[in-house]
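The lines below spell out each chain.
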Amino acid sequence: MNERNVKSAKTDDQLLVTKAKELFDQSVEGLDAESRSRLNRGRHEALAHLRPGARYGQWLQGNQRTLSTAGAAAAAVVAVLIWSGRPPVDNLTPPAAASDFEILLAEDSFEMLQELEFYSWIDFEAELDDELDTNGNVG
Amino acid sequence: MSTGACEFAVSSTREHFTGAKELQREQELNRFLADVERRALRIAEISIRDRDEALDLVQEAMIKLVRNYADRSNDEWTPLFYRILQNGVRDWHRRRAVRNRVMVWFGRSTSDGGDYDPVAAAPDPAGRTPDETLQAEQAMETLQLAVAALPRRQREAFMLRTFEGLNVAGTAVAMGCSEGSVKTHYFRAVHSLRDTLGEHWR
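As you go down the protein sequences, you meet chains A and B in turn. The first sequence begins at 1 in the numbering used here and counts up one residue at a time. The second sequence begins at 1001 in the numbering used here and counts up one residue at a time.
In short, the hints are calculated from the structure, not lab data. Cβ atoms here follow ideal geometry from the backbone N, Cα and C, with glycine treated the same way. Keep in mind that the hints are not guaranteed to be accurate.
[Unchecked claim] In the DMTMM-like style, the derived pairs of lysine to aspartate or glutamate whose C-alpha atoms are separated by at most 20 Å in a straight line are:
no.	chain 1	residue 1	chain 2	residue 2
1	A	21	B	1195
2	A	19	B	1132
3	A	19	B	1131
4	B	1183	A	45
5	A	19	B	1071
6	B	1064	A	45
7	A	7	B	1195
8	A	21	B	1137
9	A	19	B	1137
10	A	21	B	1132
11	A	19	B	1195
12	A	21	B	1141
13	A	21	B	1035
[What the hints assert, rightly or not] Far from chain A, some chain B residues (derived; all Cβ distances over 10 Å):
no.	residue
14	1076
15	1077
16	1131
17	1180
Make a model of the complete structure from these sequences and hints.
Here it is, written out as structure tokens:
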């Protein structure tokens, strides 16, 4: 290949590259609005990964397996500790809640509850007497 | 007590400084991605011939760049971004090849060409007659087909050098190969395209 042919080939190559670049740039400029919008949204979503919350999320995501393993191990340890450190069961003393329930349901208390209206009337009468006495002393 | 107040002031200033720095970095990344995203989309689209999938690949590349390389210098972002994108394109082709092996079919390339409608995809560009627009679109379609038909490494070298305007060193980083390989792939790509497109473009 002589020098002239080499020069011609180089020029052809350069022309091809220049034209290809022009066409490509035109096609980039002519991108439709929907694609531009999707690119814009995608960019903002990507940039959100820079923020601290996203980093924490990434960290969580990246270490999900480790965290779940550690969580399961911790739960197992706690379960073993609770099981081994549990106080002996005392069959003689009933639980506090049950004893409270017994007191509430005792016969006397139940009668007292039924006569609550009577007791409140007595209180009212006593207060009225006191008031009358006070007024009488003053008057 | 005064020491505590002083420590608080120092740490508060440091936090403020860090926050301002992060904000600046975010703005720089935003500018970089806004500048590169459309060309990246077209490059990915030429490689895989599917705009929706290309949009996904570009977004994935953006996320990976932000996550992994935000702290790198701005000069490194372009080759790194295209390296991520090229890897995404390569993975896409691999997945596609596996799918094709499972679902055997023929004539996909012609149906791909038929599905793609550059006229419908492009908006009305200002200052050109409909004939000129159509000619440019047809020329671009011809170019796309020719570029897409190149061997992968040649295609990557041609698009990164010509369309994105990366230098040899940047293209080498983006392609994960030596500068000598870039020169070889690019040289072969240009010659191949000249042979293919010569008749249409002369």
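A quick look at each hint next to the structure:
1. A:21 - B:1195: holds, 17 Å
2. A:19 - B:1132: Given pair residue 19 of chain A, residue 1132 of chain B holds - Cα atoms ~15 Å apart, limit 20 Å.
3. A:19 - B:1131: holds, 18 Å
4. B:1183 - A:45: violated, 36 Å
5. A:19 - B:1071: violated, 37 Å
6. B:1064 - A:45: The hint holds at about 11 Å.
7. A:7 - B:1195: Cα-Cα ~17 Å, so holds.
8. A:21 - B:1137: holds, 13 Å
9. A:19 - B:1137: Given pair residue 19 of chain A, residue 1137 of chain B holds - Cα atoms ~13 Å apart, limit 20 Å.
10. A:21 - B:1132: It holds: about 17 Å lies between the C-alpha atoms, which stays within 20 Å.
11. A:19 - B:1195: holds, 15 Å
12. A:21 - B:1141: It holds: about 13 Å lies between the C-alpha atoms, which stays within 20 Å.
13. A:21 - B:1035: Holds, at roughly 16 Å.
14. 1076: holds, 17 Å
15. 1077: About 12 Å separates residue 1077 of chain B from the closest Cβ of chain A, which puts it past 10 Å; holds.
16. 1131: At roughly 15 Å from the nearest Cβ of chain A, residue 1131 of chain B sits farther out than 10 Å, so the non-interface label holds.
17. 1180: It holds; residue 1180 of chain B is separated from chain A by about 19 Å at its closest Cβ, greater than 10 Å.
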